[in-house]
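Enquirer: Produce the entire structure from the sequences given, and follow the hints as far as they go.
First to last, the protein sequences are chains G and U.
Counting from 107, one number per residue, gives the positions in the first sequence under our numbering.
Counting from 353, one number per residue, gives the positions in the second sequence under our numbering.
If you're looking for bench data, these hints aren't it; they were derived computationally from the structure.
There's no promise every hint is true.
Said to hold, decoys possible - In silico BS3-like links for lysine-lysine, alpha-carbon gap of 30 Å or less: (1) K381/U with K135/G; (2) K570/U with K190/G; (3) K185/G with K148/G.
What the hints assert, rightly or not - To spell it out: a stretch of chain U is covered by chain G in this simulated footprint if at least three of its residues, at any positions, have a beta carbon under 8 Å from a beta carbon of chain G; those stretches are: (4) 515-521; (5) 542-548.
As the list claims (entries may be wrong) - Just a sample of chain G residues kept apart from chain U, beta carbon distances all over 10 Å, derived: (6) Y150; (7) Q199; (8) E216.
All residues carry an ideal CB built from backbone N, CA and C; glycine is no exception.
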Amino acid sequence: MTERLKEDQPIFQQIAELIETNIIENELKANDRIPSTNEFAKHYQINPATAAKGINLLVDQHIIFKKRGVGMFVTEEAKQIVLKKRKDQFYDQYVKPMLQEAERIELKEEQLSTWIKEAFQNGNESNKLN
Amino acid sequence: MEMKATNLTKRYAHKKALDDLTLTLNGEKIIGLLGKNGAGKTTLMRMLAGHFPATDGRLTINDKAPFDHFPVTKDICLIMESHNFHEKFKVKDVLNISAKFHPNWDMDYAKYLRKSFRLEEKQKVKTLSKGMYSALGIIVGLASLSPITIFDEPYIGLDASFRSMFYDLLLESYQHNPRLIILSTHLIDEVSKLFEEVVILHDGKLMLHEKADDLADKHILLSGNKEEIDQFAASKNIIHESSMLGQKTIVLYDEEVSDTGDLSVSKASLQELFVYLTKEEVNGYVPSSEA
Chain G
107 MTERLKEDQP
117 IFQQIAELIE
127 TNIIENELKA
137 NDRIPSTNEF
147 AKHYQINPAT
157 AAKGINLLVD
167 QHIIFKKRGV
177 GMFVTEEAKQ
187 IVLKKRKDQF
197 YDQYVKPMLQ
207 EAERIELKEE
217 QLSTWIKEAF
227 QNGNESNKLN
Chain U
353 MEMKATNLTK
363 RYAHKKALDD
373 LTLTLNGEKI
383 IGLLGKNGAG
393 KTTLMRMLAG
403 HFPATDGRLT
413 INDKAPFDHF
423 PVTKDICLIM
433 ESHNFHEKFK
443 VKDVLNISAK
453 FHPNWDMDYA
463 KYLRKSFRLE
473 EKQKVKTLSK
483 GMYSALGIIV
493 GLASLSPITI
503 FDEPYIGLDA
513 SFRSMFYDLL
523 LESYQHNPRL
533 IILSTHLIDE
543 VSKLFEEVVI
553 LHDGKLMLHE
563 KADDLADKHI
573 LLSGNKEEID
583 QFAASKNIIH
593 ESSMLGQKTI
603 VLYDEEVSDT
613 GDLSVSKASL
623 QELFVYLTKE
633 EVNGYVPSSE
643 A
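Expert: Structural data, given as structure tokens:
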């Protein structure tokens with residue numbers, strides 16, 4: 107979790123997204139303990155209350171649960187919840203801006219489709235190698 | 353701890369430093385106190401430390417007035433930009449004397465901090481560089497463990513590396529001894545992440561008092577096509593706008609927006625907010641030879 111924080115987004119949101127990304131990349135698995143608010147505060151030089159707000163967003167969505175006096179942990183269903191959320195956001199966050207730029211630079215739909223197909227094929231091959 | 357200013361006014365001979373200020377700060381929080389030069393920050397902090405009385409209105413700490421009243425001020429440690437310590441003292445003397453004034457003083461911690469900042473016990477205050485003088489103030493403020501610890505621009509002359517260490521130490525100290533810490537600064541970008549609450553004073557009045565995490569939702573930066581921006585923001589509270597090549601960027605104050613369409617939305621940084629809220633407009637100087 108050593109990504110740098112960005113200036114143009116709320117910090118608590120970035121803390122939440124960082125944990126989510128670690129969950130879908132299997133860096134954090136179900137029942138793993140996540141760093142405490144003080145650990146986040148120290149690492150990113152942020153107020154502990156800001157870190158707590160980010161973590162509480164995930165508690166509200168059942169991605170993280172608290173064990174009183176022990177710490178905070180990843181729930182069993184965390185990965186499924188985050189995956190669904192990220193998929194729901196995918197069109198707006200990635201497809202829409204890509205299509206806007208494509209239109210701006212007069213890229214044809216066929217060209218885009220070809221690239222996406224090729225990228226998927228290449229991606230699948232490199233996945234097989236892993 | 354709770355500090356409460358009610359219609360607080362402080363008048364010096366020629367001007368009002370604080371003008372009918374009403375503000376409550378409480379809990380165990382790190383609070384940023386911001387304002388331009390002359391906004392009244394130092395006056396407010398020195399009044400909290402009991403340095404002088406109000407001209408009008410009330411200032412209380414846990415319902416008691418701090419002016420000239422040690423039972424209240426013993427719980428407060430104010431570190432100013434300068435004039436904190438007598439020139440003839442040695443670093444060691446400063447720590448020993450501070451221990452007598454601050455009931456919660458932790459001498460082991462003070463020594464640990466002194467070593468972190470590489471100060472020698474026998475160095476005289478007079479011989480310290482500006483940065484090391486600031487470091488001594490930081491050491492006293494942190495080791496005081498005072499329920500209200502106030503830093504007024506505590507790091508004049510301190511380099512970026514020691515400043516970053518100060519932020520680490522401040523968070524560590526706050527973690528071990530949660531208390532009300534008030535930090536006044538001009539280096540907003542550097543420290544804004546440390547704040548739980550932010551107060552902005554302007555001309556002796558309260559301009560803003562909010563939770564730091566709420567700032568991002570309430571005040572936003574929008575950019576996009578000029579016509580779309582103008583249409584969208586027609587009746588909104590704009591504190592800053594600038595256009596270039598058909599694109600326009602605006603900063604909205606205290607507006608919640610939805611349906612922003614193709615406009616790009618991001619959070620206004622605390623520094624941007626501060627500047628746009630308190631900046632005077634420059635009308636453009638025309639040299640007389642060109643007039």
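Enquirer: Checking the smallest CB distance to chain U, is Q199/G really beyond 10 Å?
Expert: holds, 13 Å
Enquirer: When you check the alpha-carbon spacing of K570/U and K190/G, does it fall within 30 Å?
Expert: holds, 28 Å
Enquirer: Could you grab the alpha-carbon distance between K185/G and K148/G and see if it respects the 30 Å cut-off?
Expert: holds, 26 Å
Enquirer: How does the coverage statement for the segment 515-521 of chain U fare against chain G, requiring three or more residues with Cβ below 8 Å from a Cβ of that chain?
Expert: Contact hint for the segment 515-521 of chain U vs chain G: holds, 3 residues under 8 Å.
Enquirer: Please confirm whether Y150/G is truly not at the interface, meaning its C-beta sits more than 10 Å away from all C-beta atoms of chain U.
Expert: The claim breaks: Y150/G does not keep its Cβ more than 10 Å from every Cβ of chain U (closest is about 7 Å).
Enquirer: Should the label of E216/G as a non-interface residue stand, given a Cβ cut-off of 10 Å to chain U?
Expert: holds, 25 Å
Enquirer: Run the distance test for K381/U versus K135/G: straight-line Cα separation, threshold 30 Å.
Expert: violated, 33 Å
Enquirer: Has the segment 542-548 of chain U got at least three residues whose CB is nearer than 8 Å to a CB belonging to chain G?
Expert: holds (count 4)
When each numbered hint is compared with the structure, violations occur for hints 1, 6.
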